Amino acid sequence: MRSPYSDLPPDAYWRTGVAARAPLDPGEVFVPRFAVSRDMNVVTGGSCFAQVVGRALREAGFAVIDAEPLSEAVPDDVARRFGYRIFSARYGNIYTARQLAQLFDEAEGAATPALPVWRRDGRFFDAQRPNVEPDGLETEADVLRHRTAHLAAVRSAFRQADLFVFTFGLTEAWVHAATGTVYPTAPGTIAGDFDPAMFVLRNFDAIEVLADFERFRAQLKAVNPTVRFLVTTSPVPMTATASGAHIEVANCYSKSTLRAVCGMLAARHEDIDYFPGYEIITSQNARGAYYGPNQRNISPAGVKAAMSAFLAAHGIGAAAPEPSARVKRSKPDRARLANKAGSRRAAQADAEVECEEALLEAFAR
Amino acid sequence: MSRLSVIGNSHVGAIKDGWETIRPRWPGAEVDFFALAGHKFDFLAPDARRVLRLDPVYASARPGMVASLEKINGRTEIDLSGAGVVLWVGLAHPLAAIADILARFDIDGLRATGVGRPMSPAAFEAICDALIDAALPGPAWRHWGAPRLIVLPRHAPGATWLEQNNAKALPWGPLAANPDGVAAALDLYYRRFGSRLAAIGIGMFRQPTATLTPCGLTIGHFARGSMRLKGVEHPETEVSHMNAEFGASCLDAFLASRAAAALPAEALA
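Protein chains in written order, with the working numbering: chain A, 1 to 365; chain B, 1001 to 1269.
If you are wondering where the hints come from, they were derived from the structure by calculation, not from laboratory data.
Watch out, some of these pointers could steer you wrong.
[To be verified] Interface residues of chain B toward chain A, partial, derived using beta-carbon atoms under 7 angstroms:
(1) 1048
(2) 1101
(3) 1120
(4) 1126
(5) 1130
(6) 1212
[Unchecked claim] Far from chain B, some chain A residues (derived; all Cβ distances over 12 angstroms):
(7) 76
(8) 141
(9) 256
It should be emphasised that the depicted structure is a prediction, and the values quoted were computed from it without experimental measurement.
All residues carry an ideal CB built from backbone N, CA and C; glycine is no exception.
All chains should be modelled from the sequences, with the hints used to inform the complete structure.
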């Protein structure tokens, strides 16, 4: 008697695909849909884990665009404190697909977020990236001027991208009730004031997340027809939930939703590939070893396991052939700047990620 | 009698040559010099008695460096304990990196050229501090008390650099084309440099502003006719080293300043 399960390869069965695997062996969980190469212009964005992905890609020699570069002489810790060298532009973490779509619309002049400037202690903050200036700016006009320059960099980076790498982080977001403007942080955490009559919590479902990303994809392809996408789901659990559910329940909903959307996107669009970093980090085979002591942060071993699997699947060695030349500058800077910081950046690979969401914990005390 | 000891790398040469031209103006001053070219100076370190010399173990392995010390200075060490003030000339610092930032960013409240990349003063100050910290002298130079140690940071390159096809001069081009705010930004940088040196017990004396162009480079003619420590003239294209006129300007200004206050009054008469 024949069965559709009788003739499958070993990795189709849990026993041979997982249980019999050596501990911490991630297995061959990733078969790329399309090839990626170091000469592609890569844009990175997303949640905290996307910072790790971006850094690993840079260190592996990918041409990750940096549209708001700093002098290579500036140490990474200072640069990152002000939002430089984290993503392809200084947008900070983009936790939701809605925020990504909104950023693109704003960069292309198609939308203007409500309440763009928040205050704290007489200083002014960009509500869409309140962490890039830890002390805020002196005036509201300064914030708006900085944002205009930033949006030009975003537009340039997105339009140059050959590969757009995005890590989905959250389904929960705080939204301006009257306009639908979404924010990366809750008002009142880094700056601004929380007015429950003005801001509401949204916990997006899979249909909404899918629609948001598909809208973003369509609009980006309208100005950059050849761009392709690599999507991942962040394995970093939520720091806090305002949904009313237990954090583990809320986190499971969020990650399940985002993982489902990644699968739907890959199934619906040939130009979208899904990298199962989430599965590698959270695998029972890893026995929790890829998490730090707080059961939230991804350990260096976890990052290495995930990114090694990515590179190996693409037939790319982990070490960059010429790390000093691989950080992709926006066009005006490429000819002028020599990147001499490859080794220094590699030495700081274990640096903390910049995570606004983690601030929520501080507010719980 | 208290003296001024001038120490440092090859940039001491301009100060020494300049001193010969202004010595009559400072009849009470006693000035001596001790130098070793380039990064070799970094291998000298003061011991607890303030004797500046090569580490003996290192010196035994590097007879050539000992010979250079002897040839340039006529001695291989200098006892700084009897000096009233020690002026350390030519300390390397991240001026080029600061110029690069000023070329590519407008700093709120300091420089607005419309380059399209604003930077907050907080970010600029944090960058200055981080870069400066990496350039500060090591423990052997800190908190001396006596003699008073003052740093004359390495001067800016000569403005003739802009006429040369030199990639390292690139950041200065935009500053020369639009020098608005450059002086204010560099003032801020040097203030922070001075503060961080002061925190480790070291004074700072900056190259006189009269020797600078609006974009922060040293006025071109100060780079013409500069001499090597061993008495040979630098090539015409030289922009790093300055001539005796520059050295005289620096030393004159230094002796006239409060930075030299540890010297006896008669030396400053």
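We went through each hint and held it up to the structure:
1. The beta carbon of residue 1048 (chain B) is not positioned within 7 angstroms of any beta carbon in chain A (closest approach about 32 angstroms), and the interface hint is therefore violated.
2. Residue-level restraint check for residue 1101 (chain B) holds (minimum Cβ-Cβ distance to chain A is 6 angstroms; threshold 7 angstroms).
3. With 7 angstroms as the threshold, the beta carbon of residue 1120 (chain B) comes within range of chain A, its nearest partner Cβ sitting at about 5 angstroms, so the hint holds.
4. Given hint, residue 1126 (chain B) at the interface with chain A, holds; its Cβ is 5 angstroms from that chain's nearest Cβ, closer than 7 angstroms.
5. Because the beta carbon of residue 1130 (chain B) sits about 4 angstroms from the nearest beta carbon in chain A, less than 7 angstroms, this interface hint is met.
6. A hinted interface residue such as residue 1212 (chain B) counts as satisfied when its beta carbon comes closer than 7 angstroms to some beta carbon of chain A; here the least separation is about 21 angstroms, so the hint is violated.
7. With a cut of 12 angstroms on Cβ distances, residue 76 (chain A) falls inside the contact zone with chain B, its closest approach being about 10 angstroms.
8. Residue placement check: residue 141 (chain A) does not keep its beta carbon more than 12 angstroms from all beta carbons of chain B (closest about 10 angstroms).
9. Distance to chain B confirms residue 256 (chain A) as a non-interface residue, since its nearest Cβ pair spans about 39 angstroms, more than 12 angstroms.
Hint violations for this structure: numbers 1, 6, 7, 8, all remaining hints satisfied.
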